[in-house]
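Protein chains in written order, with our numbering: chain A, 1 to 395; chain B, 1001 to 1400.
Keep in mind that the hints were calculated from the coordinates and are not lab data.
Ideal placement from N, C-alpha and C gives every residue a C-beta, glycine not left out.
Careful: at least some of the hints might be erroneous.
Said to hold, decoys possible - Lysine-lysine pairs mimicking DSSO-like chemistry, simulated, CA-CA at most 27 angstroms apart:
| id | chain 1 | residue 1 | chain 2 | residue 2 |
| --- | --- | --- | --- | --- |
| 1 | B | 1171 | B | 1048 |
| 2 | B | 1116 | B | 1171 |
| 3 | B | 1334 | B | 1281 |
| 4 | B | 1334 | A | 322 |
| 5 | B | 1334 | A | 74 |
| 6 | B | 1177 | B | 1048 |
Said to hold, decoys possible - Pair ranges (Cβ atoms, derived):
| id | chain 1 | residue 1 | chain 2 | residue 2 | range |
| --- | --- | --- | --- | --- | --- |
| 7 | A | 25 | B | 1163 | 52 to 58 angstroms |
| 8 | A | 377 | B | 1071 | 28 to 34 angstroms |
| 9 | B | 1267 | A | 377 | 47 to 53 angstroms |
| 10 | B | 1307 | A | 25 | 54 to 60 angstroms |
| 11 | B | 1042 | A | 377 | 37 to 43 angstroms |
As the list claims (entries may be wrong) - Just a sample of chain A residues kept apart from chain B, beta carbon distances all over 10 angstroms, derived:
| id | residue |
| --- | --- |
| 12 | 50 |
| 13 | 193 |
| 14 | 206 |
| 15 | 210 |
| 16 | 216 |
| 17 | 303 |
Residue-level listing of the chains:
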Amino acid sequence: MTQLTVTAQKRPNPYLSIDSLDPESELMLLHFGPQHPSTHGVFRMDLYLDGEIIVKAVPHCGYLHRAVEKLCEKLSYVQLTPIVDKNDYVAPMTNEQAIVMACEAMLKLEVPRRARWMRALFAELQRIASHLLAIGTFCLDLGGALGGGSTAFIYCFRERELILDLFEDVTGARFHYNTHTIGGNRHDLPAGWGAKVKAVLDVIEARMPEYAALTIENRIFQQRTKNVGVLDGELALELGVTGPNLRASGIDHDLRRDAPFHAYDEVKVNVAVATGGDCYARSIVRVAEVKESLRLCRAFLDGMPEGPINSGKPTKLTVQTKIPAGQVYVGIETPRGELGTWLITDGTQNAYRLKIRPPSLHALSALPYILPGYTVSDAVAILGSLDPIMGEVDR
Amino acid sequence: MAVTPPPLRTVDTGAGFRHPLYQVMLETPGLTVGTAALDDLLSWGLTKAMWIFPMATSCCGIEFMATAASRVDIDRMGVIVRATPRQADVMVVAGTITTKMAPRVLKLWEQMPEPKWCIAMGSCAISGDFYRNLYSVVPGIDTFLPVDVYVPGCPPNPEALMHGMMRLQEKIQRQRKGENVVPELNPDLLKITQPSVPRLNEATRSPTQTLEQERASENPTLDEETDPLVVPPSEPAPGLAPLVGADFQALLIELGVAELPKDGPPVIPAAQHLELARRLKGLGYRQLVTIAASHWPAGKGRKGADAAEVEHHEIAYALRTVGPGSRLASWAVKVPVAEPVLTLAGVFAGADWQEREQFDLVGVRFAGHPDLRRIMQTENATTHPLRREFPADAHLAPWR
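Next comes chain A alone, as it looks inside the complex (with noise of 0.2 angstroms):
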């Protein structure tokens, strides 16, 4: 299978039409989806196959557009951060995080430092969740020939559900938090959950080696990931890919250190990169960011200061708050890249238009340049790979 991907061409053309590549009509037309368990949800693809060799990928998407824009027009700003919740449901703090900062701005509101250390330590630990669930299912994808993938899945649920009873803890839910509000926090954290977030970053920290040894270290991982779906760095920056998927093809780009929010230009984030931009590359920037993250918390967790979650001014933000006219553009980082707020305001209770900026949108639609000359098999694996998270793909 390596054979065949090194004869892949740099950057095909997608828009080739398929008579073109096929004047003969040999060709193998495969609807890949909607419903299959490694397309992350509701996810099509169509695949032209020579034998077993993808010639042409058209991607469709749009399974679970939810119309989530069309319905923050409709509601007040502070009635948002539940629906956006939803958008990425892996880790759902950050998207609730990418609005309130983009209302935040609008407003010139300074948000006190508690809240923004408490914001930053959430986004930490959704980060580990994510990524634990994201190299889960990844060892799912890639199959039995790991010696049992639903090994990795199994014990990264595990883990990720004692990150889960640390939100329950504070938000009393297991995800979908409305916990942020414009301006701050709405829940303290509980006496005694700095001990127990500590406790649970040691169990993880301590299986890690666990982790790398079925995962990245695991030779038949290797075999099944290495020169496989190698993507461009400056293919990948014109796409709009962000997140490990564009630390992977090597470009040292991580918006917690580059355009710090929250409180990351109070502590040094170490920003972990990869050249090979193929599956393994971006699985071994996930493993990293996993174990940066678990420092990243610990330094959150030590040095969180003390004071109010949520600015005085107003006390209690209601329905009927007004945003003066404008516009803003917030981007944060998060566990799939940098997710954007582009938010125009005119004057009202609600948003004139809300544009989401997903970053698994911009990762999918690298799949027409990379699919191309690899296997069937391989597309699973590439799919896995990037992490799509269906619902901030069709919102």
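Position chain B against the provided structure of chain A, taking the given hints into account.
Showing chain B alone in chain A's frame:
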């Protein structure tokens, strides 16, 4: 409009069953006890090995995975997750079903062999949740599937799904004994993409209140004068203001834009914007961040707008530099609604999908785009839902 409730079909208890062997069984003493035991055995087998076909579309799918994973481990109930409908007994619809997805769900349901059951997991599958009034979401899967058990929650805990499975076991056992009735679908409800038949009787609504009045009472219009609560501006929050580099500013001055407006991106003449994108890419703004189009109706109908303003689209673009001290460059282009905008797909490959999305939802046309198709809605859709005149409260399910 008055609607007859869906008819109910009783389970066949075998009362009209005539077979020579059956007669022998009835006449032989002791045999009926044996067959009753056999029937119990059958219902035990049905309930203790329910294989699930996960129709997991969104958030509930993650909780479904958690149910199947280590802590809850639904395997111990004999429940095995099968990825193909042909090997499954129970379909768990976990997540929002859109009008684009619904025909596929129905097709998969029809591929499942009898006997089969359906669990609606989560409020989206049950009723559409807060998406139910929007243009693209099916307001509850029981508009086109016969649902046996509803598991409420957003999303339901794994324990709740487990409880739902136990309720289903109970239901199957009662069905085997002929105790239960199965709701049959109203054929009119099967029009999944346009489910326009009300579920509740009109009589349940107050006769003096029309549908419009009822909706208006649910969404009161807020008085403009009462306590607007606009927060007085203070210092900008640190780290939020997009850093505009001197290079971008110099480029704008060269293009004739003197200063950056405070409340939005600078507006560039439509003819120059492709050139600007090329120059910015050369300056190091190599990452495409986003393209966001918005629809602005003519100024007369809009509050606070210039009355002379014509109906137009505003398309905003954002690019980024890579590495420490990342800078954002954003600009906007204003064009009348009838006019297309030059595509950026030749400069940034990622503009392809972004522009397709803005075309699909807002209705902006991009000249020179290599593949301008719809991306979110179905290909035969006729509307652009993010235009201002398109209602947010849609027409799919006024009864819910």
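Each hint, compared with the structure:
1. B:1171 x B:1048: Holds - the C-alpha atoms of residue 1048 of chain B and residue 1171 of chain B are around 13 angstroms apart, at most 27 angstroms.
2. B:1116 x B:1171: The hint holds at about 12 angstroms.
3. B:1334 x B:1281: Holds, at about 21 angstroms.
4. B:1334 x A:322: The given pair, whose Cα atoms are some 26 angstroms apart, holds under the 27 angstroms limit.
5. B:1334 x A:74: Status holds; Cα separation ~24 angstroms.
6. B:1177 x B:1048: holds (17 angstroms)
7. A:25 x B:1163: 52 to 58 angstroms: With a Cβ separation near 53 angstroms, residue 25 of chain A and residue 1163 of chain B satisfy 52 to 58 angstroms, so the hint holds.
8. A:377 x B:1071: 28 to 34 angstroms: Roughly 31 angstroms apart at Cβ, these two residues keep to the hinted range, so it holds.
9. B:1267 x A:377: 47 to 53 angstroms: Hint holds: Cβ distance 49 angstroms, inside 47 to 53 angstroms.
10. B:1307 x A:25: 54 to 60 angstroms: For residue 25 of chain A against residue 1307 of chain B, whose Cβ atoms are near 59 angstroms apart, the range 54 to 60 angstroms holds.
11. B:1042 x A:377: 37 to 43 angstroms: holds (40 angstroms)
12. 50: The assertion about residue 50 of chain A holds, with a minimum of 22 angstroms to chain B.
13. 193: holds (20 angstroms)
14. 206: Non-interface label on residue 206 of chain A holds, nearest chain B Cβ at 17 angstroms vs cutoff 10 angstroms.
15. 210: About 14 angstroms separates residue 210 of chain A from the closest Cβ of chain B, which puts it past 10 angstroms; holds.
16. 216: Answer for residue 216 of chain A: holds, closest chain B Cβ roughly 21 angstroms.
17. 303: holds (17 angstroms)
Hint violations for this structure: none, all hints satisfied.
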